[in-house]
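Got chain C; can you put chain E on it based on the hints?
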Amino acid sequence: MLPTLTPRNRAFWTGGASGQLLIQRCAACGRWIHPPDDRCPACGGELRAEPVSGRGTVFTFTVNAHQFHPDVPPPNLIAIVELAEQDDLRIPTDIVDCEPAGLRCGLPVRVLFERHGEIFYPLFEPA
Amino acid sequence: MSVSERSGTFEKRAIISGIGISRIGRRTGVPGLDLTVDSARAAIADAGLVPGDVDGIATFGETPIDEAAGALGIEPGYRGGGFDTGGLLSPVMSAFLAVAEGRARHVLVYRTVRMLGGEYIPRDGPAGGGGQGEVAAGVARAMADMQPLLAAHAYSAVNWLGMHCQRHMYLYGTTREQLGALAVNSRRNAALNPLAVYRDPINMDDYLAARMVSTPFGLLDCDVPVDGSIAIVVSPADHAADCPHRPIRVEAVGGAAGTGGWVHRPDYPKMASVDAAAEMWGRTELTAADLDIAELYDGFTFLTLAWLEALGVCGDGESGPFVEGGSRIALDGALPVNTYGGQLSAGRMHGYWVLHEACVQLRGDGGARQVRPQPEVAVVSVGGGPIAGCVLLTR
Numbered sequence: 000m001l002p003t004l005t006p007r008n009r010a011f012w013t014g015g016a017s018g019q020l021l022i023q024r025c026a027a028c029g030r031w032i033h034p035p036d037d038r039c040p041a042c043g044g045e046l047r048a049e050p051v052s053g054r055g056t057v058f059t060f061t062v063n064a065h066q067f068h069p070d071v072p073p074p075n076l077i078a079i080v081e082l083a084e085q086d087d088l089r090i091p092t093d094i095v096d097c098e099p100a101g102l103r104c105g106l107p108v109r110v111l112f113e114r115h116g117e118i119f120y121p122l123f124e125p126a
Numbered sequence: 000m001s002v003s004e005r006s007g008t009f010e011k012r013a014i015i016s017g018i019g020i021s022r023i024g025r026r027t028g029v030p031g032l033d034l035t036v037d038s039a040r041a042a043i044a045d046a047g048l049v050p051g052d053v054d055g056i057a058t059f060g061e062t063p064i065d066e067a068a069g070a071l072g073i074e075p076g077y078r079g080g081g082f083d084t085g086g087l088l089s090p091v092m093s094a095f096l097a098v099a100e101g102r103a104r105h106v107l108v109y110r111t112v113r114m115l116g117g118e119y120i121p122r123d124g125p126a127g128g129g130g131q132g133e134v135a136a137g138v139a140r141a142m143a144d145m146q147p148l149l150a151a152h153a154y155s156a157v158n159w160l161g162m163h164c165q166r167h168m169y170l171y172g173t174t175r176e177q178l179g180a181l182a183v184n185s186r187r188n189a190a191l192n193p194l195a196v197y198r199d200p201i202n203m204d205d206y207l208a209a210r211m212v213s214t215p216f217g218l219l220d221c222d223v224p225v226d227g228s229i230a231i232v233v234s235p236a237d238h239a240a241d242c243p244h245r246p247i248r249v250e251a252v253g254g255a256a257g258t259g260g261w262v263h264r265p266d267y268p269k270m271a272s273v274d275a276a277a278e279m280w281g282r283t284e285l286t287a288a289d290l291d292i293a294e295l296y297d298g299f300t301f302l303t304l305a306w307l308e309a310l311g312v313c314g315d316g317e318s319g320p321f322v323e324g325g326s327r328i329a330l331d332g333a334l335p336v337n338t339y340g341g342q343l344s345a346g347r348m349h350g351y352w353v354l355h356e357a358c359v360q361l362r363g364d365g366g367a368r369q370v371r372p373q374p375e376v377a378v379v380s381v382g383g384g385p386i387a388g389c390v391l392l393t394r
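Line order of the protein sequences matches chains C and E.
Under numbering that gives the first Met the number 0, think of the first position of the first sequence as 0, with each following residue one higher.
Under numbering that gives the first Met the number 0, think of the first position of the second sequence as 0, with each following residue one higher.
Derived from the structure by calculation, the hints contain no laboratory data.
The reader is advised that the hints may include incorrect statements.
What the hints assert, rightly or not - Where chain E lies over chain C, by a calculated footprint (3+ residues, C-beta under 8 Å):
(1) 54 to 61
(2) 64 to 74
Said to hold, decoys possible - Pairwise CB distance ranges (calculated):
(3) D96/C <-> A288/E: 47 to 55 Å
(4) C28/C <-> D315/E: 27 to 35 Å
(5) G29/C <-> P30/E: 54 to 62 Å
(6) E100/E <-> D96/C: 57 to 65 Å
(7) L4/C <-> R25/E: 36 to 44 Å
(8) R7/C <-> D266/E: 24 to 32 Å
The beta carbon of each residue, even a glycine, is placed where N, CA and C say it ideally should be.
Only chain C is shown next, with the shape it has when bound in the complex (with noise of 0.2 Å):
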């Protein structure tokens, strides 16, 4: 299920167009912010989105099993990646081209996208 856009969203949701993965920094404090927000919960300071490396690491997952949608079937690869940016920058999101058995905690990731329309959804492969 695809997500609304919005003035705040739209950055991390679209930047793979230009193949980057964009995420929210404080001008201020330095701090990445995701998910996005109008202001640094930490300092109040500006966000501006800015380009990661699009490296991080499964920091956890699981292996759906279930049929839950009628377009999505079974098994597919459900994770969290910690972004290497910086500790506690998350993203839930697809793993794929990997073998289930392999999917494990700490694994390295990298971002690639999958087009549709005006989105680019940032999912992750072993790196």
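What follows is chain E alone, placed relative to chain C:
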């Protein structure tokens, strides 16, 4: 503020004067209103009252207040409920507050479910209510990461909580056999509960052989959808002497609709249960060491582990070893857990059977499953992810 200064907390001015439970079954075809009337009439009579004595109703979800009120002949001056920081127990907590403030004298609280799905939100979109009742703004904030989860094809709570459990396993070495100890314990207790839907014994081999749903959760890690209704009557403490059955005292409540949602809590895999439990313990001089029984939410096995840690029964990461083998949590164990069979085996009454069972056990009315010696202090906990509520009850 010290605990003694808080001895006037609102919940201490409330009691649970009556309890009632309907038929419980799978795909019964019985209309929700009929189930509601069954549980409500039972609870009102149990409290020594007649419907005309009831001047408040609180619920959310299935069977709206107006329908129940019409069928029961109640004119509720007070209407409570919603889905606030107490999570699924919000209607109960609103009733405690209403009688404490004198806004109502006897509040009927019911929860009726009809093969309710496991999700906290409608599957077709983020927080908005639907069949789940009103969603408060705080809860909506807690659910802010729903869109990214759905985008990741994580459609169900089994996926979201499977990830919590997987992280817990990674950090602490928690095993599937430890989760299975909860499933086996629940089934053993359900065999002693005539209303439970699954009563045939299971063993660890059955647990491990059940089909996988979303790792590390197999089918027997997931609760059982049912049709049914549970009701309680909440009254002011001064009604205690008039109760035909032993009234249940409300020692403390806690609730949380946590920021950080399903993904972003800094202390993941902890959940809002940690905050709810901390609030509850801050409103009483009792401690986890005083608990005689624990009726803990088990929409998935792992949620019970999470509550054991949140409540301070175990330290972080120690809940797996605590339940391993099952003897500590059995009816004759140090801390009996989910004595009625849990949502895993008795049925998914969405947080209200734990409440009902705590009252049954504190009254000493558990029959074949009654914990001995007589429990004096029980904790009831409900919820998972960013929404949690808990209640400490005494006899």
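Non-conforming hints, listed in increasing numerical order: none
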